[in-house]
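Residues per chain are reported as follows:
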Amino acid sequence: MDITVQEFWQGLINGLALGWIYVLMALGLTLIFGIMHIMQFAHGEIYMLGAYITYYLISSYKGPLYMAAGLSMLAMTVLGVILERFLFRPFKENWTAAVVAAVGLSLILQSGVIVMFGLHHRNLPMLAEGPFNIMGSIIVPKDRIVAVAVAVFLSLVLYLFLKATKYGQAMVASAQNPDGAILQGIGPDKMAALSMGIGCALAAAGGVLAGSMFQMGPFMGILPLVKGLLIIVIGGLGSLPGAFIAGMSLGLIDGVFPILFGHAWASLSPLFFVIFILVIKPQGLFGHE
Amino acid sequence: MNREGMVKIFGCIGAIVLAIAAPLALSSIYWTSVFTSIAINSLMAASLRTIFIIGEFSLGHVGFMCIGAYTSALLTMKAGLPFGLTLPAAGLLAGLVAFALGYPFMRVKGIYFVILTLVTSESFRLLIYNWKNFTGGYDGLIGFPGAGVLSIPGLGQVDFNGFTEYYYLTLAVVCVSLFILYRLEKSRLGFTWLAIQEADKMAGAVGVNVLRYKVIAFSIASFFAGLGGGLLAHFERALGPQATAFFGVMTTIYLLIYMVVGGKSKFVGPIMGAVVLSLISEFTRPVEEYQPMIIGAIAIAMVMLIPEGLVSIPEKIGKWLSRPLE
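Note that the protein sequences, when read in sequence, are chains U and S.
Residue 109 in my numbering is what sits at position 109 of the first sequence, and the numbering runs on without skipping anything.
So my numbering is basically just the index in the second sequence, starting at one, shifted up by 1000.
Simulated from the structure, these hints should not be mistaken for laboratory data.
Model, not experiment: these values are computed from the prediction.
Hints are not guaranteed to be accurate.
Cut-off 30 Å, straight-line C-alpha distance, at most; resulting in silico cross-link-like pairs (DSSO-like, lysine-lysine) [as the list claims (entries may be wrong)]:
hint, chain 1, residue 1, chain 2, residue 2
1, S, LYS1186, S, LYS1078
2, S, LYS1109, U, LYS281
3, S, LYS1201, U, LYS281
4, U, LYS92, S, LYS1316
5, S, LYS1319, S, LYS1266
6, S, LYS1201, U, LYS92
Could you put the whole structure together from the sequences, leaning on the hints where they help?
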């Protein structure tokens, strides 16, 4: 099999863009899990819903993509807070019931979107038009670069929020030691609502980026959900650097391995990767007990 | 014999008689095939519970079903083996894969294990989808033989290609498998599993090889999932584009919901959940696109209102009837 330089670069760039979308998913999931101790298995559907709301706003009101995406992130934030209050709060003490509630929610959202929009694949407008040349011979589509830039920006904003603001520090405290945080006047329910809001907004952003670069469909959320969860296992729970490294590795595996080894082996490679990590370090690359 | 034992035995006999009589009474191919898939679903949900007994949760059960289905289909198609051999082979391969994966996976617990199983089943599905020259990929495998003629001791040669005959074959395999699972649970092995569920560190401290017993539970559950897959493959006689979607996350979610809605504390719970919810999805077929919504809403309502599941309802009614009068 001959692989041209161009093909390889294409895979690399696609992988990078995919990786950052996975990182956005993983950041939301790890934030929610860190504070609520609930794995949000409906996060993929939030991602899908984010893309579909953007699509709806653009097709019905002819709004520009960026405004529609912002509104959709806002809508998902509100949805996240509502879900936290009415769906997940009753299951605080019981993670198995919470898993069932989350998968039930994902069935409801998926079938809701199928009822509203049908099973067709749809497309969002491109993030940016045209190619971009690096060193003359290598051509990179501009929208991939915009997607990576947006994802990096959002991750940086989250990082700064957690490190440098009062609410961010309160969230970190609540994740590290909920009881200690309560003694300092940090209410766990408020932090849970905040984490769901932020997590859902990040998922919606990921959905919009994916919907505009690739196709969108009612089942588009499953793969990024799986990858987001995988990133948490590989990178270690609650670790932002772990999430970045694991996300980049998985994205590059997804982008480059199909070109190098064919699709069949590439589909097993994340599994082998996670088994390898588990054998050498069961708590993840940057995790600690 | 005490009252509870009588209820169990008569309930079991009643269910089997009902299952044997149902296709004869309804005598429609459509309903017979519905009953076949309900029987397979019951086996899947009950074997999923075996993983639950060791205190873990799996969202990847359908992956092992997928291995079983393709093993059996490929062996009959490419090697020309009879169904009587390919079905156990389907279970064995699924069990072996689970055994190999069990050692690294059982190093983690709780939500991590759930994630790993989910990743596993998605990887298997993508492998099937992408390995075009072996599994057919998106186009799938079409036209592999059905169960064919098998010689059954006492009955002689029986042709299992018809829908009704295949239903009885499935029912027999499922009943035997459920019986084995039930006996295993009540055996010494089952009690060790329960000890691990209750307190795995304690079980380890008194000399139980926790990792090994966990891997055994995972492998046995996956063996029966593989059998279920084999049964499904020869029932459908084709693993086409729908099949690659069928072995995805959605089916896994359904299995989990069957188990939890039925009630995971008792052996009969998952079976009850599978039967009741499959019938509900069958009756809501006219509004097909709302089906997942209905099942999802039932799941959420159940975990909120009756978290112990359907099996706890008679007990609850009994308690309510015998409550002290004011």
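These are the hints, each one checked on the structure:
no., hint, result
1, LYS1186/S x LYS1078/S, "40 Å, violated"
2, LYS1109/S x LYS281/U, "14 Å, holds"
3, LYS1201/S x LYS281/U, "20 Å, holds"
4, LYS92/U x LYS1316/S, "24 Å, holds"
5, LYS1319/S x LYS1266/S, "18 Å, holds"
6, LYS1201/S x LYS92/U, "24 Å, holds"
Hint 1 from the earlier list is the only one contradicted by this structure; the remaining hints agree with it.
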